[in-house]
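Asks: These are the residues of each chain, in order.
Protein chains: 2
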Amino acid sequence: MGDLIGVALSGTLYYVPEEEFSRILSLPIDNIKKARLFASLCRINTLYMIARAGSGHIGSSFSSMEIMSWLQLNEVSTGHGNVFFSSKGHDAPGYYNTMIGSGKLSFDLIHELRQLGGLPGHPDIKTPGIVTNTGSLGMGISKAKGIIFSNRHFKKSSWVFVLTGDGELQEGQFWESLLSAVNDKLHELIVIIDHNKLQSDTLVSKVSDLGNLNAKLEAFGFSVFRCNGNDLEQLTSCISQSKMIMDKPKVIIADTIKGKGVSFMEHTAIDSDVELYKFHSGAPTEDIYKRAIQELINSTNSLLQAENFELLLLENVSRPAISQPDNKPKLLVQAYSNALLHQARFNSEIVALDADLVLDTGLLPFKKEFPERFIECGIAEQDMVSRAGTIALNNLLPVVHSFSCFLTTRPIEQIYNNSTEHSKIIYVGSLAGLVPAGPGHSHQSIHDVSFMSSIFNITCIEPVSERQVEEALQWAVNSENRHSSYIRLTSVPVEHNEVINDISLPIFGEGNIIQEGSNGIIFVTSPLLTVEVLKATAILLKHNLRFTVVVMPWLNSLSIEWIKPLIQNFKDVFVVENHDYANSFGTFLIYQLAKHGLAGERNFYHKAVSGIPACGKVDEVFAFHKLNGESIAEDIKSKYD
Amino acid sequence: MGDLIGVALSGTLYYVPEEEFSRILSLPIDNIKKARLFASLCRINTLYMIARAGSGHIGSSFSSMEIMSWLQLNEVSTGHGNVFFSSKGHDAPGYYNTMIGSGKLSFDLIHELRQLGGLPGHPDIKTPGIVTNTGSLGMGISKAKGIIFSNRHFKKSSWVFVLTGDGELQEGQFWESLLSAVNDKLHELIVIIDHNKLQSDTLVSKVSDLGNLNAKLEAFGFSVFRCNGNDLEQLTSCISQSKMIMDKPKVIIADTIKGKGVSFMEHTAIDSDVELYKFHSGAPTEDIYKRAIQELINSTNSLLQAENFELLLLENVSRPAISQPDNKPKLLVQAYSNALLHQARFNSEIVALDADLVLDTGLLPFKKEFPERFIECGIAEQDMVSRAGTIALNNLLPVVHSFSCFLTTRPIEQIYNNSTEHSKIIYVGSLAGLVPAGPGHSHQSIHDVSFMSSIFNITCIEPVSERQVEEALQWAVNSENRHSSYIRLTSVPVEHNEVINDISLPIFGEGNIIQEGSNGIIFVTSPLLTVEVLKATAILLKHNLRFTVVVMPWLNSLSIEWIKPLIQNFKDVFVVENHDYANSFGTFLIYQLAKHGLAGERNFYHKAVSGIPACGKVDEVFAFHKLNGESIAEDIKSKYD
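Residue numbers (numbering that gives the first Met the number 0), protein chains in the order written: chain A, 0 to 640; chain B, 0 to 640.
These aren't lab readings, by the way, just hints derived from the structure by calculation.
Hints should not be assumed to be uniformly reliable.
Any copy, or any two copies together, can satisfy a pair, since identical chains are not distinguished.
Said to hold, decoys possible - In silico DSS-like cross-links for lysine-lysine, where the CA-CA straight-line distance does not exceed 27 Å:
1. 184 <-> 636
2. 155 <-> 33
3. 541 <-> 563
4. 32 <-> 327
5. 32 <-> 563
6. 184 <-> 366
7. 636 <-> 247
8. 205 <-> 625
9. 563 <-> 638
10. 636 <-> 154
11. 155 <-> 205
12. 327 <-> 534
13. 367 <-> 154
14. 327 <-> 184
15. 277 <-> 205
16. 541 <-> 638
17. 33 <-> 184
18. 367 <-> 541
19. 625 <-> 541
Being a predicted model, the structure only gives us computed values, none of them experimental.
Full structure from sequences and hints, please.
Replies: Have a look at this one:
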């Protein structure tokens with residue numbers, strides 16, 4: 000589910016305007032031909048949307064485009080209250096375009112993917128027509144069952160279509176959700192599996208093979224259909240047949256092609272490198288975009304020509320530049336990747352576990368060098384964490400990886416269970432904090448410190464420099480240390496900044512004093528917010544206000560002996576962090592100070608994230624949550640006016 | 000997984016002494032006969048252990064006794080490093096007795112079930128021979144895979160036997176864990192399902208039917224065997240056959256009888272009320288014990304007589320009295336049960352969801368009166384919470400139930416997902432806090448406030464009286480209130496206490512001042528600890544120390560206007576709570592006071608749970624964690640010495 004973020008792009012982008020959708024939808028052709036044409040148009044606009052946004056998921060938007068187009072045009076537009084949603088959620092660009100193309104969403108939104116106030120990277124009910132929030136995998140059928148319960152309660156008889164991924168089927172909740180669907184004879188439920196054979200990293204069969212999927216689903220008591228999901232004749236025939244079954248829920252295994260519609264994006268293409276499939280997520284480069292759009296236009300026009308209709312009219316705009324950090328941005332995940340490799344060369348106990356994010360968590364070099372110490376668990380975080388538990392009990396040192404948002408939530412009971420065994424495990428969560436904010440709240444990890452610091456014996460560390468990443472891992476691995484650790488990693492490139500560039504990890508429970516000033520003291524966590532705080536103090540300096548700035552990588556450990564003399568000079572104490580207010584580093588710090596008699600008459604100001612994190616670009620989301628340099632400066636200055 | 004706790008019992012208890020185990024194990028009979036006799040002896044001692052402890056799980060200890068006996072005597076004693084553990088964990092009394100009987104654990108431990116420092120209610124690796132901590136369902140195969148990975152890494156070739164329940168198969172993690180076991184060809188893995196057909200509440204088929212289990216497991220690629228699991232010939236034949244399969248993991252579906260060995264406890268008995276099977280958990284009454292022990296002794300002697308061996312020699316002791324609260328204890332779960340019924344009669348939107356704990360969460364009356372608004376989800380908390388999410392989006396008000404330890408952890412990502420939809424859901428967690436401590440740390444919920452208060456828009460409430468329970472639910476249901484709620488319920492009977500007997504819910508963010516004194520102010524959460532604090536202040540009064548005591552039912556909401564004048568009279572502020580220190584009510588309160596400039600020169604003392612919660616009786620565990628009246632008094636007094 001990772002994204003290539005911050006890549007500067009240029010060139011011309013093309014999209015199908017609203018009028019062309021109206022023309023196509025009113026052509027005198029049958030519904031199948033119409034859906035096929037409609038899907039072609041939606042592919043063009045999906046490619047546009049993602050290229051413009053700078054990130055998004057092309058591969059599965061394209062694989063499911065025929066399915067989505069058919070359902071949108073023929074199943075959920077009938078006024079019968081039928082419902083359709085995607086459980087996997089990352090196919091949102093495709094879904095949005097079928098909604099926009101069929102007039103259910105304002106057309107202008109095609110320019111607003113992953114923008115603040117626009118269309119979020121994963122579906123959210125704030126967008127009209129979105130049925131439920133998705134983006135974390137495996138919840139779809141459970142959600143569908145809730146809808147069907149309500150429909151039955153209110154005596155509504157409607158179909159509920161749920162689209163799932165195939166990698167998604169590795170999540171336990173998927174299978175957990177099947178039993179009662181069968182026991183309750185939920186015939187209203189039609190699950191469609193977009194079986195495009197590829198998940199985030201590579202082939203599903205290489206990550207965690209699903210085996211005989213038909214047999215599994217039949218054994219669970221579903222009525223199972225299978226078809227080519229990019230072939231509308233086959234697909235619609237399956238849907239029709241499935242509706243005839245009145246005593247069971249149904250599932251259609253739709254064999255699709257990831258990247259369908261652009262020859263070189265199709266995973267089945269002869270020269271396609273499915274081992275490292277490139278079009279799961281991320282925006283196309285200028286060159287890729289040109290080749291892809293040309294193909295999509297040609298194939299659409301061929302369909303039109305075949306029926307003697309006029310060729311497509313397109314609009315074009317310049318591709319907006321995507322802002323990115325100044326030169327030499329620091330990639331902490333890259334530093335982590337190197338550091339893990341280094342540790343593993345000296346410590347044969349280290350075993351790395353991954354949940355289908357080998358690229359995003361920096362594990363590829365480890366996997367290549369130590370295949371026998373690498374475990375690919377698939378999208379199965381609970382399984383991964385429990386496996387790590389017994390590996391730790393058997394004289395090895397498991398290092399467990401995923402995005403923070405998933406690692407610290409889905410398997411939290413398993414993490415607690417491990418902690419009761421007093422074994423040592425290192426949890427590493429990337430994509431931590433408010434940004435990247437393009438994927439939306441399912442991927443924005445702003446509660447991870449709350450969860451991990453609640454568990455006995457886990458030390459939480461958020462490194463701010465490449466060197467701190469190395470030293471944090473070194474500290475966590477060190478055999479003298481019997482604690483488990485949680486390393487919180489920023490995935491967004493960190494602007495080069497000389498002050499924190501080569502900063503080292505302070506003594507346990509202490510911080511790095513990176514700037515001195517007498518007006519107040521600012522404790523900050525997160526590399527990105529450290530940069531913002533330094534911007535803020537630069538602004539404040541112009542108003543003759545000088546602040547001491549302390550970076551705090553130890554999120555739930557504090558040395559009272561160290562902090563006592565430090566804060567005694569200050570009346571105003573600020574905490575700035577890349578996390579929700581509740582149960583955060585700031586709560587911990589202020590609580591500790593008060594408990595140790597160090598609150599005194601001091602003023603405490605805590606700046607953190609409040610409410611649901613906004614979706615959008617890095618800068619605009621920091622600004623929205625008032626965590627950018629300007630806002631921080633303004634807030635602090637207001638205390639001195 | 001609930002327990003009948005605090006029932007005073009008397010009478011004589013019998014157990015098989017160590018010498019008799021030695022005699023039986025040295026008899027000149029074949030291994031199958033020996034295991035059968037051994038199982039008979041272990042049943043006697045399991046019944047003894049549970050009767051003496053006052054709680055424990057008879058039903059599944061008995062159903063799996065032949066399986067456990069065989070494995071203990073023949074598979075894990077061979078010095079080949081074979082491993083056996085129970086994933087369900089609540090069959091621990093049976094498991095302990097097979098270990099004790101075979102000499103792997105000190106014999107004296109038969110008297111120490113669920114005692115502080117003795118044998119915990121669910122397995123913990125502190126007990127020699129216990130492989131991993133279990134007690135929360137569905138983790139077993141994942142853990143086995145971790146063991147097999149380590150074995151392969153260290154070039155060990157050993158069998159790993161995992162016993163699971165059948166209700167346990169409703170957990171998604173079970174299915175999640177199967178894929179890689181097959182893909183990695185883990186032939187070392189032999190899963191045995193104790194298929195006794197009954198889970199905590201009633202028949203598995205009535206809670207959430209597993210359907211065709213053979214077909215499901217075969218479809219997942221396991222080699223599947225099936226036998227009568229109480230018949231040692233059949234069982235051992237299956238084990239032998241399964242060992243021949245060298246390219247797949249194996250599963251043996253062992254059809255067993257819950258309560259096997261005591262006719263009237265067997266779920267298949269003609270007069271057995273399986274709808275409300277009585278012997279899942281809890282200690283037998285004196286009468287039941289007498290009838291059961293007589294049968295077990297007779298059947299054991301029949302086996303011995305058939306081979307012309309001497310009859311069994313038994314030891315006997317008086318059954319220790321189980322302490323219980325003084326007269327008229329308050330059962331808050333009962334009050335909740337009534338309150339929910341009352342609300343549901345006036346509000347047709349209320350839908351109750353349960354995860355196989357209909358008795359323990361007080362839902363039985365609701366289920367009877369409103370069957371169409373009751374959803375039994377089975378042991379499938381993630382599924383339950385996601386279903387509740389879309390029910391809430393569709394004009395109904397879901398009230399979601401489980402034990403706090405499970406409800407606030409296993410589905411926390413689903414709870415977060417629901418919160419991002421701003422819908423209103425009421426989560427009700429019973430068995431909250433440190434006690435009952437007999438089941439052990441898997442069931443002791445001391446992090447639930449951390450987790451739930453971390454999620455946006457959830458108001459956490461811990462009522463201390465029956466009236467507060469009613470009013471808390473009323474507040475949560477009230478249509479003017481758009482917040483979601485988490486109601487934290489104590490399941491242990493609360494000692495009758497006039498001060499809090501009929502206390503009502505204070506205004507949002509405020510507390511109940513139940514006692515006044517000038518030496519300091521004590522903020523307390525939890526009904527049980529309120530009683531302990533009142534005991535403490537009574538002791539302190541003898542030392543001429545007088546304290547104001549404030550009960551705080553709102554765990555993450557605080558009215559600053561209310562508290563400001565209140566605490567201004569006090570220099571010493573105490574917080575006492577039934578929860579871990581981290582991210583607790585106490586952290587929240589002290590942080591809020593400091594942030595609002597109310598810390599000043601005050602001293603803050605926070606008493607909460609530190610580290611892994613201890614297993615034992617209510618009184619001894621409160622004392623162990625220094626949260627009983629005497630310890631609280633001593634601690635407070637020490638500040639004034």
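Asks: Please flag the earlier hints that this structure goes against, numbers listed from lowest up.
Replies: 1, 2, 3, 4, 5, 7, 8, 10, 14, 17 and 18
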